[in-house]
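Chain residues, written in single-letter form:
Number of protein chains: 2
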Amino acid sequence: MTSDVLPSWSDCPARTAIIDFVSKVTNKGGPDYVPPSERIATFDNDGTLWCEQPMQVQLFFLLERVKHLAEKYPDIKDRQPFKAFLAHDMATLHSLGKRALMELAFATHAGMTEDDFEKIARAWLETATHPKFQRLFKHCTYQPQIELLDYLREHDFKIFIVSGGGIDFIRAFAEEAYGIPRECVVGSSAKLHFEMQSGQAVLMKVAELNSFDDRDVKPQNIGLHIGRRPILAFGNSDGDLAMLRYVKTGPGARLALLLHHDDGVRETAYGPEFKLSPLMEALERAAEYGITVVSMRNDWRAVFGDA
Amino acid sequence: MTSDVLPSWSDCPARTAIIDFVSKVTNKGGPDYVPPSERIATFDNDGTLWCEQPMQVQLFFLLERVKHLAEKYPDIKDRQPFKAFLAHDMATLHSLGKRALMELAFATHAGMTEDDFEKIARAWLETATHPKFQRLFKHCTYQPQIELLDYLREHDFKIFIVSGGGIDFIRAFAEEAYGIPRECVVGSSAKLHFEMQSGQAVLMKVAELNSFDDRDVKPQNIGLHIGRRPILAFGNSDGDLAMLRYVKTGPGARLALLLHHDDGVRETAYGPEFKLSPLMEALERAAEYGITVVSMRNDWRAVFGDA
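The listed protein sequences derive, respectively, from chains A and B. Position in the first sequence counted from 1, then plus 39, gives you our numbering. Position in the second sequence counted from 1, then plus 39, gives you our numbering.
For reference, chain A alone in the conformation it holds in the complex (with noise of 0.2 Å):
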């Protein structure tokens, strides 16, 4: 094991299983040697690439959108799950639960192109800045996580995010941010419809739900849009423990791995009152799922990145 592999990774347990696993699957004439057709890897994005509290980045964006939205008709402002959303009532808004949220976006980013989505969330990404860590947002993503995609990709691997975020925000930055091309993005998505408007043809963004990417719709949306059991997952909540027992439980050399929310200090110590992102099941089992468990306090030597 060399020293300059995975740098911001203290010298643990985790870090450990990585090289390990990705020296087994990429030696080959072993025994569990993978081809490179087949070595996919998955990882959420809130929480697991970037950081999700206080809230999620998205929500920050939504908040934007709702603000103008309600400029535009002030009536919504009476109106859930706007009211509570406009007044940082989270308590009430999750109670509203996470479709509520789905109810946000469409009221935002329904009737709208594809590419004018794109173009209202890259402006938004460009100088948006996360309230605790005065960075932008783009630049709230895990530092031991980029050196950890940089090494997969180093060993041939092909890298999706599977994310319950919005896929078309997930687009807006994933390039950029992770070096993960759009087409290699799978996330929460609304339906689009084909028009022919003035002679070009656009896809319009509908006010109707096509796919919540959470829990079991992960690997059932792996199965649509990769068509492989990818052989290593990377999560942070228990709407990742499907896909993570999905890439678990088949055959062959196979790491999941669950990111803990333990650092106060650097980042964030996730307790109870964390309830978008409920890490209940996925780490009082993990032994017994066979799900490797990163500590962010005791593994991670750096959390951000120079911005």
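Treat the hints as calculated values from the structure; they're not laboratory data. From a predicted model like this one, the values you see are computed outputs, not experimental measurements. Careful, some of the hints might be misleading.
Pairs count within a copy or across copies, as identical chains cannot be separated in the list.
List of simulated lysine-lysine pairs, BS3-like, C-alpha gap at most 25 Å [to be verified]:
hint, residue 1, residue 2
1, K137, K230
2, K287, K230
3, K287, K158
4, K137, K63
5, K158, K111
6, K111, K63
7, K106, K230
8, K106, K63
9, K116, K106
10, K137, K67
11, K63, K230
12, K63, K122
13, K137, K171
Starting from the structure of chain A, add chain B where the hints point.
Okay, now just chain B, sitting in the frame of chain A:
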């Protein structure tokens, strides 16, 4: 233009258009340059990359599966669409619509895991032979198209299949036949259901349509799976027209190609009797839409490769 490029193509306007287009978009510093990440090409499969007459290859596979089913459940022989299909009554089958084919597919493909379906499809493809061409179906791919795929890849294009055929069936042979990996196949699909079976996570194929990847749904699924507007598309029927127009009406250099099956000697000359692949609007309005028509008879020196 060198003659060792696309050797199975005649020196025809379509071949010139392809070579000029690739030259333009790869000319760094030129006005039409496209970076490699944006060099997305989408190909229809049935009738574009391999033959689709006297009926789509997957229907031959379906027929065998329905016969299996009829042995186990004889009463289905009297029910549509099974009755028409088993009697090779294509007129009735066509009158029941394309969705009747989906019903056949569900009855024979659902209720098994993705992995089990893969095994059945691969086993069939190993031995199943085309009734007219007397070669394995998997060798009924078009040699000029294999050369075109290679030519595009040599110029850093990333190629996707976007087909009305079943996504799982295509994935069972696309890597071997075309060098197109599973994750670059978009097609019609049934819903998948994540399940734990005796400690193993599996994806079960469910008898419910997820997506019927035809006509307007093709560009919509390109938006979902790829998230970029391709710069080149190749189809052969009105089912591909929305995709061709989506590609052709984007900004910058674009190439949309349509294969005309006009070769009754070496393959098939489509006429009004071929109702499964109507080629009306796409062919009649190709000039208006800026679509380059490829004549199988005149533009291809060879149709099939060495088996």
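task = Give the relationship of K63 and K230 under a CA distance limit of 25 Å: within one copy only, between copies only, both, or neither.
result = Close neither inside one copy (41 Å) nor across copies (34 Å); limit 25 Å.
Identical-chain pair category, K106 with K230, by Cα at 25 Å
within (24 Å within a copy, 37 Å between copies)
Taking 25 Å as the upper bound on the Cα-Cα distance, should K158 and K111 be classified as within, between, both, or neither? Intra 20 Å, inter 56 Å, cutoff 25 Å: intra-copy only.
Have a look at K116 and K106 and pick one of within, between, both or neither, based on CA distance no larger than 25 Å. Result: close within a single copy only, 9 Å intra versus 61 Å inter.
How do K137 and K67 come out at 25 Å by Cα distance, when the copy is not named: within, between, both, or neither?
So K137 and K67 fail the 25 Å test inside a copy (45 Å) and across (46 Å) alike.
At 25 Å max between alpha carbons, let me know whether K287 reaches K158 within a copy, between copies, both or neither.
between (38 Å within a copy, 21 Å between copies)
25 Å Cα cut-off: does K137 pair with K171 within a copy, between copies, both or neither? Answer is within: at 24 Å inside a copy they meet the 25 Å cutoff, but 55 Å across does not.
For the identical chains here, do K287 and K230 meet the 25 Å Cα criterion within one copy, between copies, both, or neither? Cα proximity of K287 and K230: across copies only (22 Å, versus 31 Å in one copy).
task = Since the copies are identical, ignore which copy is meant and state whether K111 and K63 lie within 25 Å (CA to CA) inside a copy, between copies, both or neither.
result = Classified as neither; 58 Å inside a copy, 45 Å across copies.
Notebook entry, point to check: Given identical chains, is K63 near K122, meaning Cα to Cα at most 25 Å, within a copy, between copies, both, or neither?
Noted result: Neither way: K63 and K122 sit 53 Å apart in one copy and 53 Å across, limit 25 Å.
- Is it within, between, both, or neither for K137 and K63, if the alpha carbons may be no more than 25 Å apart? Classified as neither: same-chain Cα gap 39 Å, cross-chain 47 Å, threshold 25 Å.
**Prompt:** For K106 vs K63, is the C-alpha pair at or below 25 Å within one copy, between two copies, both, or neither?
**Reply:** Neither way: K106 and K63 sit 51 Å apart in one copy and 45 Å across, limit 25 Å.
Violation of the numbered hints given earlier is confined to hints 4, 6, 8, 10, 11, 12; the remaining hints are satisfied by the structure.
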